[in-house]
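**Student:** Chains as they are written, first to last, in the working numbering: chain A, 1 to 421; chain B, 1001 to 1421.
It is worth saying that the hints were derived from the structure and are not from the lab.
Treat the hints loosely; a few may be bogus.
Under 7 angstroms between C-beta atoms, here's a sample of chain B residues computed to sit facing chain A [as the list claims (entries may be wrong)]:
{"#": "1", "residue": "G1079"}
{"#": "2", "residue": "D1174"}
{"#": "3", "residue": "L1296"}
Some chain A residues judged to face chain B by a derived CB distance under 10 angstroms, without partners named [as the list claims (entries may be wrong)]:
{"#": "4", "residue": "A68"}
{"#": "5", "residue": "L413"}
{"#": "6", "residue": "G415"}
Non-contacting residues of chain A with respect to chain B, defined by C-beta distances greater than 10 angstroms in every case (computed) [unchecked claim]:
{"#": "7", "residue": "T58"}
{"#": "8", "residue": "R59"}
{"#": "9", "residue": "E65"}
{"#": "10", "residue": "S72"}
{"#": "11", "residue": "R93"}
{"#": "12", "residue": "S94"}
{"#": "13", "residue": "D193"}
{"#": "14", "residue": "V303"}
{"#": "15", "residue": "D318"}
{"#": "16", "residue": "A367"}
{"#": "17", "residue": "F374"}
Glycine included, C-beta positions come from ideal geometry on N, C-alpha and C.
What follows is the residue order along each chain.
2 protein chains.
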Amino acid sequence: MALIVMKFGGTSVADIDRIKNVADHVKREHAAGNKVAVVVSAMAGRTNELVDLVNQATRMADEREYDAVVSSGEQVTSGLLTLCLQDKGVPARSWQGWQIPLQTDEAHGKARISDIIPDDMLTSLDEGNVAVIAGFQGIAPNGRISTLGRGGSDTSAVAIAAALGADLCDIYTDVDGVYTTDPRIVPKAQRLDKISYEEMLEMASLGAKVLQTRSVELAMTQNVRLAVRSSFDDPASVEAVNMQTNSHIGTLVCSEEEIVEQQIVSGIAYAKDEAKVTLVGLADQPGIAAKVFGPLAEANINVDMIVQNVSADGATTDMTFTVAEPDLDRALEVVQEHEDELKFKDLQGATNIVKISIIGVGMRSHAGVAADMFKELSEKGINILAISTSEIKISILIDAAYQELAVRSLHSLFGLDQDDH
Amino acid sequence: MALIVMKFGGTSVADIDRIKNVADHVKREHAAGNKVAVVVSAMAGRTNELVDLVNQATRMADEREYDAVVSSGEQVTSGLLTLCLQDKGVPARSWQGWQIPLQTDEAHGKARISDIIPDDMLTSLDEGNVAVIAGFQGIAPNGRISTLGRGGSDTSAVAIAAALGADLCDIYTDVDGVYTTDPRIVPKAQRLDKISYEEMLEMASLGAKVLQTRSVELAMTQNVRLAVRSSFDDPASVEAVNMQTNSHIGTLVCSEEEIVEQQIVSGIAYAKDEAKVTLVGLADQPGIAAKVFGPLAEANINVDMIVQNVSADGATTDMTFTVAEPDLDRALEVVQEHEDELKFKDLQGATNIVKISIIGVGMRSHAGVAADMFKELSEKGINILAISTSEIKISILIDAAYQELAVRSLHSLFGLDQDDH
């Protein structure tokens, strides 16, 4: 018998029929003898409706009241799933964040979890009840409802799994796992059986939308084993699989040690929401970087990749950096404001770029991965605009027109293509 | 400076524009220097939507989960009204039932209030904040959300007014007060400036829908002064009226002693949702009434009016009684099941009847009111099928076809018609 946490997002609970389908998934795990805690999001679209009402009420919302309004969506789903479970003969009760209690700080609207006191819920689980938990919410020290920010239900699920000492936290979503890359671009992309926390973290922060970065971080630090699975599978045909043994359902996100056969490169991610800023003919003098990036940091604009080239005359330099696309206009303004100091000849902004990243813990022990990558791209005639690396990933910036070609070529190069059946 | 409770129902908070209008009403009272607590219902239609979702989930709902789902409607409105108030510069915060706390018993779905601990809310009111309270809900001893039953927000408002020691509880609704009778039937009906608790209780239980019977009972026992006012008035044109002085806005429901010029008859109510059962040729013997009404009581069917006539032969009797219309079929079944014991010749059910009631505390000290009433009806050719009386009301049962004629005639007879202007 295991204790498992199952999390279902908004599309999985979009209407009563979908909620009944979720109840069948939960019933399967409960019938297999597991203790089951379920974390649910609001019904798809409901959170947006509530946010819209708040925005109609005022332009400067008190975050405490925002939380009171918006948290109601998860409250409704928790009650409805409990009723559907009871209707199928599964004993269950709903838990609001303040009932557990799941305690947070007072940063309403984007609160961080400070503590979870699981005693009452554990007693209820011991009595055989499924615990159906309203995700995304907790209670702040002021006694008010707090929310964890958009996508916070993943974080709720992982934190609750840690507090309960769960054997596994199943994240049910609208895809059936984590893939080597986006299957819409590379039809030969494969679902990964296992991926390490570190790799998943890079995948998530580099554009793979399947899990919230924050929830993966929390799973890594709390050592919670995560599985990404599809809620759209037919519950009746899914066997009660104990994910502790080898399984072919979904992707397990776990510590590196659990992964026996480690690939050098596990996956390829891409991010299109980057924009490029280039300062042409900048005076090449000490401290010039600080003069560029200091004001950007003050304006709360995150700079991602930076590349600096000495120009032909030797006295000036060209500097290129990337920011998130929504920040581009503001970044250009900030730099323009400092024109007198920086003395650049030209300032350019562009959004027709894409960041491609190869990710794998195997890179730590394998030299030559970067060289292989650059050679492949060169042979395909793809120009690299910027490079950034970490211990387990290499990211490059290229012209957006070459996105599909680059992803497909690298996917083949690093042996990730699925065999034809 | 007074402490007032204002209550707004679902149609008054149906959308953001209506909620902003409510905020203007609240702002007016707050600006006049009053401490203000506001009780709100769910946005019109939302509670029905939530109940519908519950019914789709299961046919046998766990009332605790029903409460978790359905109470979310008031939670949303409380946050939205708070935001609208803040947007207009009025300091405010929302209060859920469990935050106050408003404690109830564990009769989920129809809970009764056991205690309200107003200390935190009074502190917040003293600091100048408007308290915006989610109506209809509280917290049960099991730590779960409880609801007070449909229309429970009126009861919330009166109970909170009692707990806070409020000077007045304003019930804002879609009519501008309590009328001498239904103005749709009698265009000359007048709005009452004042009405006693006892009369309002009779009016409410006899078909006038403006206030919940339960909330009037509570107001009477807790001595809370109630006012019925319209939320559709233009807030800007309504002066900050202290209802403790004479006022021409709305109807004040108060103790009899506050009403100086007491009418003999204050109002005329009618109820069409009654049905009539007649047992013809029943054996006229001691204990026959117990044999009829015992089984009905066991079946949880409420009997309202009863009339028994000795028939021509002297040995048998005809008995007629009324039940709520939805109970008619079940009442007929129950009586039929006991046919052997009761030995009636015929059993008849009918719904084409109406109950007309004249109500007034002045009847206590005036003889002849019933005689005047019966004479008037007789002159109009209206046959009285049954009569029941209390100290302050006389109810009669008549053929439904005569409803308008009877109400209009009695309205004139007892001097309730508005003067022509």
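**Student:** Taking the hints in turn, state whether each one holds.
**Tutor:** The hints, checked one at a time:
no.	hint	in the structure
1	G1079	4 angstroms, holds
2	D1174	22 angstroms, violated
3	L1296	33 angstroms, violated
4	A68	4 angstroms, holds
5	L413	51 angstroms, violated
6	G415	48 angstroms, violated
7	T58	4 angstroms, violated
8	R59	8 angstroms, violated
9	E65	4 angstroms, violated
10	S72	4 angstroms, violated
11	R93	7 angstroms, violated
12	S94	5 angstroms, violated
13	D193	36 angstroms, holds
14	V303	36 angstroms, holds
15	D318	49 angstroms, holds
16	A367	57 angstroms, holds
17	F374	54 angstroms, holds
Hint violations for this structure: numbers 2, 3, 5, 6, 7, 8, 9, 10, 11 and 12, all remaining hints satisfied.
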